[in-house]
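Colleague: The lines below spell out each chain.
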Amino acid sequence: MKKVVQMFVAVFLVAFIFVYVTARINSLQGYSGANTLTIYNWGDYVDPDLITAFEEETGLKVIYQTFESNEAMLTKIAHGGTSFDVVVPSDYAINKMREQGLLLPLDHELIPNLEHIDPRFLNLSFDEGNKYSIPYFWGTLGIIYNSEMLGGKELESWEDLWDDSLRNQIILVDSAREVIGIGLDSLGYSLNDTDPDHLREAHDKLKELIPNVKAIVGDELKMLLANEEAAIGVVWSGDAALIIEENPKLNYVIPAEGSNVWFDNIVIPTTATNIEGAHMFINFVLDPENAAINTEYVGYSTPNRAALEYLPEEIVSDERFYPGPEITDQLELYENLGKRMLAYYNELFLEFKMHRK
Amino acid sequence: MRKSKLANIYLALVFIVLYAPILYLAYYSFNSGGTMYAFEEFTLEWYYEVFQDTRLLVILLNTLTIALLSAAISTIVGVMGALAINNVQRRDFRNALLTLNNVMIVSPDVIIGASFLILFAMLGMRLGFTSVLIAHIAFSVPIVVLMVLPKLQEMSPTLIDAARDLGATKWDVLTRVIIPYISPGILSGFFMALTYSLDDFAVTFFVTGSGFTTLSVEIYSLARRGISLTINALSTLIFLVTLLLVLGYYAISKQAARPMRLEVGE
Chain A
78 MKKVVQMFVA VFLVAFIFVY VTARINSLQG YSGANTLTIY NWGDYVDPDL ITAFEEETGL
138 KVIYQTFESN EAMLTKIAHG GTSFDVVVPS DYAINKMREQ GLLLPLDHEL IPNLEHIDPR
198 FLNLSFDEGN KYSIPYFWGT LGIIYNSEML GGKELESWED LWDDSLRNQI ILVDSAREVI
258 GIGLDSLGYS LNDTDPDHLR EAHDKLKELI PNVKAIVGDE LKMLLANEEA AIGVVWSGDA
318 ALIIEENPKL NYVIPAEGSN VWFDNIVIPT TATNIEGAHM FINFVLDPEN AAINTEYVGY
378 STPNRAALEY LPEEIVSDER FYPGPEITDQ LELYENLGKR MLAYYNELFL EFKMHRK
Chain B
810 MRKSKLANIY LALVFIVLYA PILYLAYYSF NSGGTMYAFE EFTLEWYYEV FQDTRLLVIL
870 LNTLTIALLS AAISTIVGVM GALAINNVQR RDFRNALLTL NNVMIVSPDV IIGASFLILF
930 AMLGMRLGFT SVLIAHIAFS VPIVVLMVLP KLQEMSPTLI DAARDLGATK WDVLTRVIIP
990 YISPGILSGF FMALTYSLDD FAVTFFVTGS GFTTLSVEIY SLARRGISLT INALSTLIFL
1050 VTLLLVLGYY AISKQAARPM RLEVGE
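Going down the list, the sequences are from chains A and B.
Under our numbering, residue 434 is the last one in the first sequence; the count climbs by one each step, no gaps.
Under our numbering, residue 1075 is the last one in the second sequence; the count climbs by one each step, no gaps.
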């Protein structure tokens, strides 16, 4: 008995020492209740130095919590019990959050740096007038390929994926709208097409792509391509930039037929307790110089036009990641097609995945 | 039957399968290249970064605190529960209780986590340290019960009768006969609870909030942007500490094996 009791006393003691040390570290860094700002963002999606600079400038202390999918984030916000002040959802998630009344309107007067955002990326269909959201990073869906492994072959369009010489070379991202979208785009239909005949046609066309598909995977796609497990991947431009950084032999292209454009956006959810601080933070990251620092760290494309001046020329002039208006005009956002239509997309995608080679 | 060579090879193979991933991860934690494949040069940079990153350290401390507290509390609750279940006279009722206990072990973590989230939201509780602690205690208690109960059942009732005959009070019987007898079960229950808490992702994910995170949730959220080798370094350190703890526990229990017995009759 004595031994057991001793052990438990020791365990509790150690636990309380840990609690004390944690509290000590937090207070040393100046965290103390009221002066905090809680940011809920994707893992590693902001330059930590920028947060330090923000803390020094404003005297606020930032608590940084992370999520790995829009769905996870939505669940957390919708159920309450949290006090996130700033969140960074993707475009389609903003639609959902607006529908569920989870967003607070932004006070544009407190965000003078909004003027630096390229007008091309304002006033988009998921949030007209930018009442609730401001773009944080953006990108496209495209093809990444290793022309060395393809014997010098270059790819330019979705149609090129169907080439007979590419047997077992393509890795697709495991996501219904992206893959069905390849079929739609290559047939010249809209990514938001709701005509069942068109969708069926896209599916039938995709069926012929199957001999060329090596795998349909999730986040491990980045590693597989960088390791040269396959020569071609269909990826988002943000991931493509990371892959190319690891393996410069790869090249990224926005397909000629058009493709999807996506945005991650800063919003203030209804769970916010420090609304003034949230506006300060948004204005801070929109400052051209800060946006440039952040862009260099994250490696995605910034929608901040003024920030481009502070970025190295080779980044800004890279048409793959900063395409001009003639290309972005052809790109499409995913509209919210409603539950039934999405279910149909998913069904077709499932059918596609189940086809035998 | 003599131990054949084949048996040894099989054993070695099993251990290789078990430990290769950890060793692989530890190996690349020394890679200056920053990736998990092309090893460039030996570096301690990532270990240095672990200790520089106070956010990561706070998360690590949070994880350990939750694990220790939830394991200790759930062991106390679980031992009491096991005693209670063991004392139930009617057999069908006892089995019903035990089944209810086992349902908690079998039910998927995701469901437990989601139901806790709904419960906490309904109560209007803020998510954070307390919510995570409560959830961890909840899924650890059934495990402790399951570890302690067999020990109680294997204990001969004559031991208790003898103690009562010799004038021991109910309290004496509990503290001097029952608990010393079942203490191996208590210990294994505690360590099981500890490991369950340390590696839990699904339940924790639902109930974290307000800046409070544990290591597993934090690492998972790095998936989109790629996991830095700092995490490798940290995992290697945790693995080494765990190894030391296990070796220490082994040494202590070997040494204490005899005195432990004597204590039964102290």
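Hints are computed from structural coordinates only; laboratory data are not their basis.
Every residue gets a Cβ at the ideal spot worked out from N, C-alpha and C, and that includes glycine.
You may find that some hints are simply not true.
[Said to hold, decoys possible] Quick partial rundown of chain B residues pointing at chain A, CB under 10 Å, derived from the structure: (1) Tyr836; (2) Phe839; (3) Glu963; (4) Leu983; (5) Gly1057.
[Stated by the list, open to error] Residues of chain A placed beyond 12 Å of chain B at every Cβ, according to the derived structure: (6) Gly136; (7) Gly158; (8) Asp195; (9) Glu305; (10) Glu323.
Colleague: If a hint holds in the structure, say so; if it does not, say that too.
Modeller: Outcome of the hint check:
1. Tyr836: violated, 16 Å
2. Phe839: violated, 18 Å
3. Glu963: violated, 18 Å
4. Leu983: Holds, about 9 Å.
5. Gly1057: At about 13 Å, which exceeds the 10 Å cut-off, the nearest Cβ of chain A leaves the hint on Gly1057/B violated.
6. Gly136: The assertion about Gly136/A holds, with a minimum of 18 Å to chain B.
7. Gly158: About 4 Å separates Gly158/A from the closest Cβ of chain B, which leaves it inside 12 Å; violated.
8. Asp195: holds, 24 Å
9. Glu305: violated, 10 Å
10. Glu323: violated, 6 Å
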